[in-house]
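So the sequences go chain by chain: L and D.
Here UniProt numbering is used: the first sequence runs in plain steps of one and ends on residue 364.
Here UniProt numbering is used: the second sequence runs in plain steps of one and ends on residue 676.
Think of the hints as simulated: they come from the structure by calculation, not from any bench.
Computed from a prediction, not measured in an experiment: that's the story for all the values here.
Hints may be right or wrong, so weigh each one.
Claimed, not checked - Where chain D lies over chain L, by a calculated footprint (3+ residues, C-beta under 8 Å):
1) 106-120
2) 274-282
Unchecked claim - Ranges of calculated distance between the beta carbons of each label pair, as one might list FRET restraints:
3) D:Tyr-210 - L:Val-106: 55 to 61 Å
4) D:Gly-399 - L:Ala-97: 58 to 64 Å
5) D:Ser-190 - L:Asp-250: 36 to 42 Å
6) L:His-136 - D:Gly-399: 35 to 41 Å
Glycine included, each C-beta is placed from N, C-alpha and C at the ideal position.
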Amino acid sequence: MKIHYLRALVLLCFFTVFTSCSDKDDEYVPVSPVVVDLTQVPYAKLSDYHFFEGDMKDQIPSLNVVPYEPSSTLFTDYASKKRFIWMPSGTKATYVADNKILDFPVGTALIKTFYYTTIQPDNTTKIIETRLMIRHEDGWKFYEYLWNDEQTDADLVSGTDFLNGSSVNITFKKPNNEIINTDYRIPSDAECLACHKINEIPTPIAVKPQNLNRNFTFNNGNKNILQKLVEQGYLQSYPANINSTVDYHDTSQPIALRARSYIDANCAHCHQDDGRCYYRPIRLNFSMTNVDSNAGICLTADEVISPTLQKIISPGNFSKSILHYRMSTNDESERMPMLGRSIVHDEGVALIEEWISSMTQTCN
Amino acid sequence: MKKTLLSILTVFSVASAIGQATCASAVTVAVGSTTTASAYTNETGTAPTNLCGMNNGAGAKGKWYKFTATQSINMTVSTVLPQNNNVDTRLIVYSGDCSNLVCVGANDDFNGGYTSQVTFAATTGTTYIIAFDNRYSSAGFDFSVTEAAPPAPDRLSFTTQAVPGITGGYNNCVVDMNGDFLDDIVSAISTTQLAISYQQPGGTFTTTTYTVANTSVLPSWSIAAGDYDNNGFNDLIYGSGSGVVFLKANSTGTGYTVDRKTQSYLVQRTNFVDINNDGKLDAFACDDNAPNRYYINDGTNMNHIQGGIGDFPSGGNYASNWFDFDNDGDIDMYLAKCGQGGSGVGGNIDQLHRNNGNGTFTNIADAAGMANPEQTWSGACGDFNNDGWMDVIVGVNSGSNGYTNVKRNNGDSTFTSVTAGSGYDTNTWLGREYVAEDFDNDGYLDVLGSGNNIMFGDGNFHFVPNANTYPVSTVDRPIGDLNNDGFLDIQNGTNVLFNNGNSNHWLNVNLRGIQSNRNGIGARVEIYGAWGKQIRDVQSGTGFQNMSKITAHFGIGQETVINQVIIRWPSGIVDTITNPTSNQSLLVVEGSTLGLDAFSNQNFSLYPVPTQKTLMITAENINFKNAQIFDMNGKMVRSLTLQSSNIDVESLAKGTYLLLLTDDRNQKHSGKFIKE
Numbered sequence: 001m002k003i004h005y006l007r008a009l010v011l012l013c014f015f016t017v018f019t020s021c022s023d024k025d026d027e028y029v030p031v032s033p034v035v036v037d038l039t040q041v042p043y044a045k046l047s048d049y050h051f052f053e054g055d056m057k058d059q060i061p062s063l064n065v066v067p068y069e070p071s072s073t074l075f076t077d078y079a080s081k082k083r084f085i086w087m088p089s090g091t092k093a094t095y096v097a098d099n100k101i102l103d104f105p106v107g108t109a110l111i112k113t114f115y116y117t118t119i120q121p122d123n124t125t126k127i128i129e130t131r132l133m134i135r136h137e138d139g140w141k142f143y144e145y146l147w148n149d150e151q152t153d154a155d156l157v158s159g160t161d162f163l164n165g166s167s168v169n170i171t172f173k174k175p176n177n178e179i180i181n182t183d184y185r186i187p188s189d190a191e192c193l194a195c196h197k198i199n200e201i202p203t204p205i206a207v208k209p210q211n212l213n214r215n216f217t218f219n220n221g222n223k224n225i226l227q228k229l230v231e232q233g234y235l236q237s238y239p240a241n242i243n244s245t246v247d248y249h250d251t252s253q254p255i256a257l258r259a260r261s262y263i264d265a266n267c268a269h270c271h272q273d274d275g276r277c278y279y280r281p282i283r284l285n286f287s288m289t290n291v292d293s294n295a296g297i298c299l300t301a302d303e304v305i306s307p308t309l310q311k312i313i314s315p316g317n318f319s320k321s322i323l324h325y326r327m328s329t330n331d332e333s334e335r336m337p338m339l340g341r342s343i344v345h346d347e348g349v350a351l352i353e354e355w356i357s358s359m360t361q362t363c364n
Numbered sequence: 001m002k003k004t005l006l007s008i009l010t011v012f013s014v015a016s017a018i019g020q021a022t023c024a025s026a027v028t029v030a031v032g033s034t035t036t037a038s039a040y041t042n043e044t045g046t047a048p049t050n051l052c053g054m055n056n057g058a059g060a061k062g063k064w065y066k067f068t069a070t071q072s073i074n075m076t077v078s079t080v081l082p083q084n085n086n087v088d089t090r091l092i093v094y095s096g097d098c099s100n101l102v103c104v105g106a107n108d109d110f111n112g113g114y115t116s117q118v119t120f121a122a123t124t125g126t127t128y129i130i131a132f133d134n135r136y137s138s139a140g141f142d143f144s145v146t147e148a149a150p151p152a153p154d155r156l157s158f159t160t161q162a163v164p165g166i167t168g169g170y171n172n173c174v175v176d177m178n179g180d181f182l183d184d185i186v187s188a189i190s191t192t193q194l195a196i197s198y199q200q201p202g203g204t205f206t207t208t209t210y211t212v213a214n215t216s217v218l219p220s221w222s223i224a225a226g227d228y229d230n231n232g233f234n235d236l237i238y239g240s241g242s243g244v245v246f247l248k249a250n251s252t253g254t255g256y257t258v259d260r261k262t263q264s265y266l267v268q269r270t271n272f273v274d275i276n277n278d279g280k281l282d283a284f285a286c287d288d289n290a291p292n293r294y295y296i297n298d299g300t301n302m303n304h305i306q307g308g309i310g311d312f313p314s315g316g317n318y319a320s321n322w323f324d325f326d327n328d329g330d331i332d333m334y335l336a337k338c339g340q341g342g343s344g345v346g347g348n349i350d351q352l353h354r355n356n357g358n359g360t361f362t363n364i365a366d367a368a369g370m371a372n373p374e375q376t377w378s379g380a381c382g383d384f385n386n387d388g389w390m391d392v393i394v395g396v397n398s399g400s401n402g403y404t405n406v407k408r409n410n411g412d413s414t415f416t417s418v419t420a421g422s423g424y425d426t427n428t429w430l431g432r433e434y435v436a437e438d439f440d441n442d443g444y445l446d447v448l449g450s451g452n453n454i455m456f457g458d459g460n461f462h463f464v465p466n467a468n469t470y471p472v473s474t475v476d477r478p479i480g481d482l483n484n485d486g487f488l489d490i491q492n493g494t495n496v497l498f499n500n501g502n503s504n505h506w507l508n509v510n511l512r513g514i515q516s517n518r519n520g521i522g523a524r525v526e527i528y529g530a531w532g533k534q535i536r537d538v539q540s541g542t543g544f545q546n547m548s549k550i551t552a553h554f555g556i557g558q559e560t561v562i563n564q565v566i567i568r569w570p571s572g573i574v575d576t577i578t579n580p581t582s583n584q585s586l587l588v589v590e591g592s593t594l595g596l597d598a599f600s601n602q603n604f605s606l607y608p609v610p611t612q613k614t615l616m617i618t619a620e621n622i623n624f625k626n627a628q629i630f631d632m633n634g635k636m637v638r639s640l641t642l643q644s645s646n647i648d649v650e651s652l653a654k655g656t657y658l659l660l661l662t663d664d665r666n667q668k669h670s671g672k673f674i675k676e
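I would like the entire structure built from these sequences, with the hints used as guidance.
This is the structure we're talking about:
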């Protein structure tokens with residue numbers, strides 16, 4: 001292990017020398033410490049990748065590790081998240097379509113850390129896990145790192161532990177000040193794939209132009225994420241006009257646009273063509289929910305809940321809408337999303353209520 | 001008529017301004033009339049608070065009307081009128097009086113629309129109170145009160161009755177829990193509480209609530225029951241979104257120990273089944289996201305194994321149904337799959353796992369014609385045409401890859417779709433739960449499946465639904481005989497739909513395994529008579545998520561003579577009962593009908609025959625560790641560790657006994673002896 005590490009360093013040094021030569025000799029060129037050797041990953045510890053500098057728990061990205069956040073995000077039991085992208089030097093992603101993930105080069109690492117800032121009793125901050133997706137020659141692989149109690153590093157979850165998944169019991173305070181005790185779910189490899197797949201092939205979800213075409217505060221200022229990726233050398237180019245999602249929190253945006261952005265982030269990974277739940281008639285990805293029947297408006301569900309809960313969405317009436325019902329229940333066999341949520345997302349439910357209440361369509 | 005209606009309307013409109021605001025001031029309407037109720041705006045009517053089962057909370061305002069029936073006929077109160085433009089009304093009909101409103105009927109959304117309709121049998125002289133509220137709309141509407149055609153006659157009817165003791169949480173388990181062969185009702189209340197409503201001989205229930213160690217998870221996806229420690233009391237497995245937990249009954253059935261398994265995965269159907277046929281039940285759990293899991297019982301622990309019985313990488317495993325499809329005496333498994341990933345990926349293709357007889361299984365679905373590419377959460381498995389081979393009705397939960405598929409077992413390890421003309425070819429209902437039972441005891445298996453109805457079979461793959469739907473949940477509907485009358489009942493939440501039965505006859509067969517697992521799960525039960533042959537395989541965990549009775553239930557129509565009952569036990573032992581009477585619950589103890597020398601694969605001998613003091617065991621190349629002695633009712637009378645090849649039986653009462661020997665490789669052997 002040590003030897004490989006050294007070898008990687010030597011390679012990096014060589015690379016640095018090489019690039020230095022091609023540049024002005026006297027200019028100091030900072031070197032990214034990140035190491036993602038595809039023959040060696042997953043490393044035993046998160047720190048082995050050198051994605052972060054300083055105290056690990058501060059999650060300060062190393063050079064060439066680019067933070068980002070999609071305009072609307074997935075609810076995961078009120079966990080806060082930090083997201084980063086890293087690509088090997090000299091490689092870049094290309095634009096495919098507004099609603100398709102960028103075509104990332106081999107070696108790309110997507111990094112997502114899950115943490116809480118209101119762990120009881122003292123509202124402390126605790127990082128729970130960091131999930132990685134790394135692009136290999138033969139596709140994306142999932143790696144799971146569980147943070148230690150000291151918050152100094154995270155250990156790879158491997159072997160049967162990654163086959164079986166686990167949970168971490170936490171007590172935290174919700175935005176409405178309610179104290180919640182829950183078994184926070186650490187996903188298994190299979191559960192990663194359950195959401196992250198198209199036609200059974202592992203895939204990232206959020207890193208689509210439609211979700212990245214927004215401003216984000218980087219350490220050197222506020223900038224459009226796609227623009228930042230181009231400047232970083234991580235993205236070839238992107239078109240001027242992108243059919244984009246919005247931040248569902250943004251009340252200046254039309255309610256339908258906010259709601260469609262929310263359900264894209266929270267539902268569409270399964271409810272899309274070739275997704276896990278493609279066999280249901282709804283299509284909840286943003287590029288399709290402009291059509292009422294795709295969004296479930298006036299659509300009778302495959303599994304009706306009761307005589308008064310038959311339609312996915314009953315316009316004007318959220319309490320007769322199965323979408324609302326499944327978002328509002330914690331029962332494992334009825335709730336949606338099925339994975340990643342054990343607590344109702346109050347703000348998400350309120351958003352959907354507002355959206356359904358605003359609808360005036362008449363169903364047949 | 002027109003004049004009369006007009007005058008009624010006139011009278012009514014005078015009253016309406018002040019009249020219908022409260023129950024006490026309800027306005028009288030005439031039978032055969034249509035009444036206009038104005039918008040709730042600017043009115044202060046009292047909303048009904050007794051909603052007669054409708055959920056989603058009370059309205060803010062109400063409107064009240066009444067009429068008195070002048071003849072005993074069916075009446076309909078309805079806002080399903082074209083002029084209402086699908087206005088969202090809620091309607092309740094009460095009898096009684098304003099201080100004691102008795103629910104007659106209630107409806108919110110009728111037949112997929114937002115308008116409401118209630119039809120009920122009116123009794124001469126009774127005053128019926130009609131209430132509406134503005135829970136969903138304050139717009140005005142018309143409603144009619146009319147004579148209704150009598151409902152179509154039921155082929156089979158049920159009476160819905162609350163069973164005190166059934167409590168909240170999960171109501172998915174009807175099975176005999178205390179070994180008296182009367183089906184009980186299990187309510188999983190919470191992670192620390194479990195209630196069992198024990199059926200009493202008189203048809204009442206006595207409920208005991210057990211406090212248990214924290215189970216962490218609840219049977220949110222499925223539940224199954226079986227006696228995996230063979231102690232006479234059924235144990236439970238809960239299948240959840242985060243793995244399984246076992247609840248094991250103690251030796252008196254008065255407490256449960258909890259064994260929470262650490263594997264955390266999305267569980268679908270669970271079963272108890274003796275996968276390796278060692279006489280001890282194992283447990284099986286469908287994994288929704290990965291290859292299936294099972295827990296092999298080593299006599300002490302349930303040991304987790306993944307792989308070998310349904311290994312599609314991303315799962316899609318919804319229901320495992322264990323039965324012997326090829327009649328080779330070992331138990332096979334039909335796996336209902338619901339597919340992810342779209343066309344071509346194949347996660348939705350059903351599997352058929354043939355037991356290789358050595359604890360391994362091979363998916364032969366392709367060759368067997370059972371690789372059905374449908375979206376299935378469970379299938380109903382049984383011999384629908386009484387030809388001695390188990391068939392499968394593949395139920396669907398989504399219509400995206402076709403509808404219910406009726407598959408006939410050809411008896412040569414192949415299945416052929418016989419959906420055309422079956423009654424399912426014109427049926428586009430969707431559901432989770434598909435279970436085969438004979439509900440009307442006509443001798444032909446029926447299907448409790450989708451559409452809140454039973455599809456009644458005719459023994460030749462033709463099925464017809466009852467003329468009226470049944471008030472059953474689409475998901476929570478365990479089946480058992482909850483009043484021990486030989487007709488199967490269906491639990492629906494805190495209610496039971498008690499089967500009103502008919503004049504048909506029946507036979508329940510309860511098993512008591514000695515060498516095989518105590519429940520006899522995996523046994524084949526055959527009954528012979530004028531109908532020919534009927535078969536059942538004894539199962540734990542049918543359909544998608546419910547646990548229904550383990551008892552093998554047969555209807556025999558108008559016949560009364562049963563020539564023979566044959567039990568083919570998982571151990572290979574075959575018991576035969578000749579001419580049992582019908583309309584009874586028959587208990588068969590494994591080996592009890594065999595002669596002293598009739599045990600198969602006998603590799604040891606017992607002497608003397610009969611014996612008075614000492615039973616001597618002679619065997620070659622087998623070292624027996626311990627012995628258990630059972631009477632002919634299956635009751636264990638002696639359990640001992642063997643110190644020598646002699647067992648002191650002097651203290652046993654005179655009679656015939658079954659002997660179960662366990663060798664040092666944990667193989668079981670059984671025999672029989674007579675004590676004099």
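Against the structure, the hints come out as follows:
1. 106-120: violated (count 0)
2. 274-282: holds (count 8)
3. D:Tyr-210 - L:Val-106: 55 to 61 Å: 57 Å, holds
4. D:Gly-399 - L:Ala-97: 58 to 64 Å: Since the Cβ atoms of D:Gly-399 and L:Ala-97 sit about 30 Å apart, the hinted range of 58 to 64 Å is violated.
5. D:Ser-190 - L:Asp-250: 36 to 42 Å: 41 Å, holds
6. L:His-136 - D:Gly-399: 35 to 41 Å: 38 Å, holds
In summary, the structure is inconsistent with hints 1, 4 from the numbered list given earlier, while agreeing with the others.
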